[in-house]
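Read off the chains here:
Protein chains: 2
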Amino acid sequence: MEIHVMWNDYPKLKKELEKTLDLMSSSISLPNKDIENTIIEMFHSGGKLLRPAYLLLFSKLAKQPDSKKSIALAAAMETLHTATLIHDDIIDEADLRRGVTTLQTKFDKDVAVYSGDYLFIVCFKLLVQYTDSLRSIKLNTASMEKVLLGELGQMDTRYHMDITVDEYIQNISGKTAELFALSCFLGYFENGGSKKVAANCREIGKSIGLAFQIVDDILDYSQDTVSIGKPVLEDVKQGVYSLPLICALKENKAYFEPLLSKKEQMTDEDAIKVHEGVVQFKGVEKAYELADYYTEEALRLIQSLPDNKAHTKDTIYEITKNILTRQN
Amino acid sequence: MEIHVMWNDYPKLKKELEKTLDLMSSSISLPNKDIENTIIEMFHSGGKLLRPAYLLLFSKLAKQPDSKKSIALAAAMETLHTATLIHDDIIDEADLRRGVTTLQTKFDKDVAVYSGDYLFIVCFKLLVQYTDSLRSIKLNTASMEKVLLGELGQMDTRYHMDITVDEYIQNISGKTAELFALSCFLGYFENGGSKKVAANCREIGKSIGLAFQIVDDILDYSQDTVSIGKPVLEDVKQGVYSLPLICALKENKAYFEPLLSKKEQMTDEDAIKVHEGVVQFKGVEKAYELADYYTEEALRLIQSLPDNKAHTKDTIYEITKNILTRQN
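Line order of the protein sequences matches chains A and B. For what it's worth, UniProt numbering labels the leading residue of the first sequence as 1, then goes sequentially. For what it's worth, UniProt numbering labels the leading residue of the second sequence as 1, then goes sequentially.
Keep in mind that the hints were calculated from the coordinates and are not lab data. All values derive from a computational prediction rather than experimental measurement. Some hints here could point you the wrong way.
A pair counts as met if it fits within one copy or between any two copies, since identical chains are not told apart.
Cut-off 30 Å, straight-line C-alpha distance, at most; resulting in silico cross-link-like pairs (DSSO-like, lysine-lysine) [to be verified]:
1) Lys-33 / Lys-109
2) Lys-253 / Lys-69
3) Lys-313 / Lys-282
4) Lys-146 / Lys-313
5) Lys-109 / Lys-309
6) Lys-33 / Lys-253
7) Lys-15 / Lys-273
8) Lys-69 / Lys-138
9) Lys-309 / Lys-237
10) Lys-250 / Lys-196
11) Lys-250 / Lys-19
12) Lys-263 / Lys-33
13) Lys-286 / Lys-253
14) Lys-106 / Lys-263
Kindly generate the complete structure, drawing on both the sequences and the hints.
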């Protein structure tokens with residue numbers, strides 16, 4: 001499968017993303033080649049590769065970008081992301097991910113558990129092979145901890161109709177934004193960038209990650225009622241209430257309460273009513289306000305980056321704007 | 001719950017093991033206190049704590065044992081071990097572990113997946129907090145990789161009636177022996193021990209781990225037929241054939257074939273027949289031969305350790321002998 005079309009306008013970056021996927025593939029070696037091939041297929045299944053892309057982009061902002069090392073770090077980030085996806089799929093009992101049969105469907109739950117674990121380790125393996133900075137390893141460890149606390153926090157607020165915007169932001173800060181933050185930080189810092197600017201890169205990544213996740217959650221509700229498919233239906237059934245629903249709930253709890261209180265027993269009709277309510281009670285609109293806030297924050301911080309690599313800075317700005325204002 | 005009675009004769013070590021458990025408990029912090037408490041309960045549920053015990057014992061062989069650091073490394077090893085147990089329990093769908101309700105039974109599968117992941121990270125967190133040796137982190141990463149390849153390898157040889165002794169040894173080398181090896185290595189090396197002797201410590205740990213797992217697998221078959229409980233029955237049903245069965249299979253495949261080919265559909269009566277066959281066709285006897293081989297190898301290597309800490313060396317010898325010749 002090709003690299004996602006969104007990178008077609010950036011041929012050099014696209015090339016590096018291809019190398020990143022190649023390195024990921026060559027970093028795994030399992031006794032069972034069927035499982036190995038399924039994981040490799042998953043790597044190549046056409047994800048947006050945003051985390052490695054940001055790592056590579058921020059590496060070019062630094063004075064002495066080391067392409068080989070940056071590709072390895074980018075591979076570590078995407079491997080970590082894939083590990084979390086595999087474990088998410090176990091929990092969601094998902095059959096397909098990006099059109100590819102998931103590991104626990106093709107093989108078994110146990111293969112998915114251990115394969116995810118294995119990819120966590122491959123991430124560390126890539127990191128320790130290519131960096132001699134204990135600081136970076138510590139930061140990676142701290143980030144992974146936040147990712148998992150975000151996942152555990154999300155479970156913890158399941159079916160909470162009074163979940164606050166702050167709690168939601170805290171969950172997605174871990175679950176999504178942390179890896180964006182780490183990618184931007186590592187790309188710059190590991191290529192000789194200063195700690196001070198690297199801290200800004202971290203903040204940029206965090207804002208991008210938050211805006212990205214909110215936009216993702218909004219898009220689930222922006223489809224036609226007819227096509228509300230699995231994702232939003234499943235999430236709501238499983239008690240994962242994202243920002244548009246949280247905002248709409250604040251507006252009119254009485255409308256949603258009888259629907260949401262059915263929990264797993266919610267019917268497709270109920271789900272359509274939830275969807276309609278979210279739009280009707282301005283959940284999508286309100287959520288867009290917060291997405292815009294983080295998008296502007298990200299873009300403002302990008303503009304404040306040092307000017308010595310103006311071209312790269314412009315590219316980061318442009319890509320970020322495109323991603324965060326996408327319509328699908 | 002108290003520390004396992006086996007450590008009563010070693011009050012200083014027992015004290016350090018208590019501190020190890022305390023550090024493990026204070027290293028985790030989850031948004032959901034119920035989950036946190038269940039994990040802490042699991043830490044304190046009376047396991048033998050062999051990996052941290054060996055780490056602490058081997059630390060005392062080194063010239064400048066740093067008790068605080070060794071306890072942290074010991075905590076990292078036991079946390080890692082607990083992470084693998086939590087994920088094993090998901091796969092086995094076990095309700096109880098050491099008499100304590102498992103995470104996925106008390107909460108849900110998703111809690112167990114993410115909690116195990118979280119403990120993997122806590123292991124790294126403890127390591128990077130207390131060591132500044134990239135070499136140790138690299139070794140830890142390599143060991144974790146071997147542990148998971150062992151787990152994946154074991155799955156891969158499931159229901160293989162022609163599984164060889166070599167394949168079994170390879171699986172338990174990863175699954176069990178690797179963490180023993182790493183514990184012995186880190187205890188010595190991280191306290192200023194030489195690389196050369198540390199490599200011997202690694203070998204000792206590996207032999208101990210292999211012998212320990214074989215004895216464990218033998219003990220499953222050494223109970224009365226009446227009391228063959230879950231463990232061996234479940235493992236055989238799930239296609240995990242351990243050494244006594246592998247040896248007996250070589251002796252008389254025709255006896256086992258009709259029983260094992262039923263796979264998950266095996267009845268309790270079938271399992272009793274498997275058990276009887278393993279004893280009748282000398283599976284237990286043969287397995288003991290290999291356990292003895294690794295036990296003697298471990299004891300021989302322990303004796304070859306430098307003599308400057310004769311007391312510690314004797315203690316390691318004594319404890320190892322007791323563990324590897326235990327009857328239950």
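The hints, checked one at a time:
1. For the identical chains of this complex, Lys-33 and Lys-109 are neighbours both inside a copy (17 Å) and across copies (27 Å), given an alpha-carbon limit of 30 Å.
2. Taking CA atoms no more than 30 Å apart as the test, Lys-253 paired with Lys-69 passes in neither setting, with 51 Å inside one copy and 53 Å between copies.
3. For the homomeric pair Lys-313 and Lys-282, neither the shortest alpha-carbon distance inside one copy (35 Å) nor that between copies (72 Å) is at most 30 Å.
4. Taking CA atoms no more than 30 Å apart as the test, Lys-146 paired with Lys-313 passes inside one copy only; the shortest distance there is 28 Å, against 42 Å between copies.
5. When the C-alpha separation of Lys-109 and Lys-309 is checked against a cutoff of 30 Å, the pair qualifies neither within a copy, at 47 Å, nor between copies, at 48 Å.
6. When the C-alpha separation of Lys-33 and Lys-253 is checked against a cutoff of 30 Å, the pair qualifies only between copies, where the shortest distance is 28 Å, while the shortest distance within a copy is 51 Å.
7. For the identical chains of this complex, Lys-15 and Lys-273 are neighbours neither inside a copy (45 Å) nor across copies (60 Å), given an alpha-carbon limit of 30 Å.
8. With identical chains, the CA atoms of Lys-69 and Lys-138 are at most 30 Å apart both within one copy (18 Å) and between copies (17 Å).
9. In this assembly of identical chains, Lys-309 and Lys-237 lie within 30 Å of each other by CA distance neither inside one copy nor across copies; the values are 47 Å within and 62 Å between.
10. Taking the shortest Cα distances, Lys-250 and Lys-196 never come within 30 Å of each other, neither inside one copy (39 Å) nor across copies (65 Å).
11. For the homomeric pair Lys-250 and Lys-19, neither the shortest alpha-carbon distance inside one copy (46 Å) nor that between copies (47 Å) is at most 30 Å.
12. When the C-alpha separation of Lys-263 and Lys-33 is checked against a cutoff of 30 Å, the pair qualifies only between copies, where the shortest distance is 23 Å, while the shortest distance within a copy is 40 Å.
13. For the homomeric pair Lys-286 and Lys-253, the shortest alpha-carbon distance inside one copy (15 Å) is at most 30 Å, but the shortest distance between copies (69 Å) is not.
14. When the C-alpha separation of Lys-106 and Lys-263 is checked against a cutoff of 30 Å, the pair qualifies both within a copy, at 28 Å, and between copies, at 19 Å.
The structure does not agree with the numbered hints 2, 3, 5, 7, 9, 10 and 11 stated previously, though it agrees with the rest.
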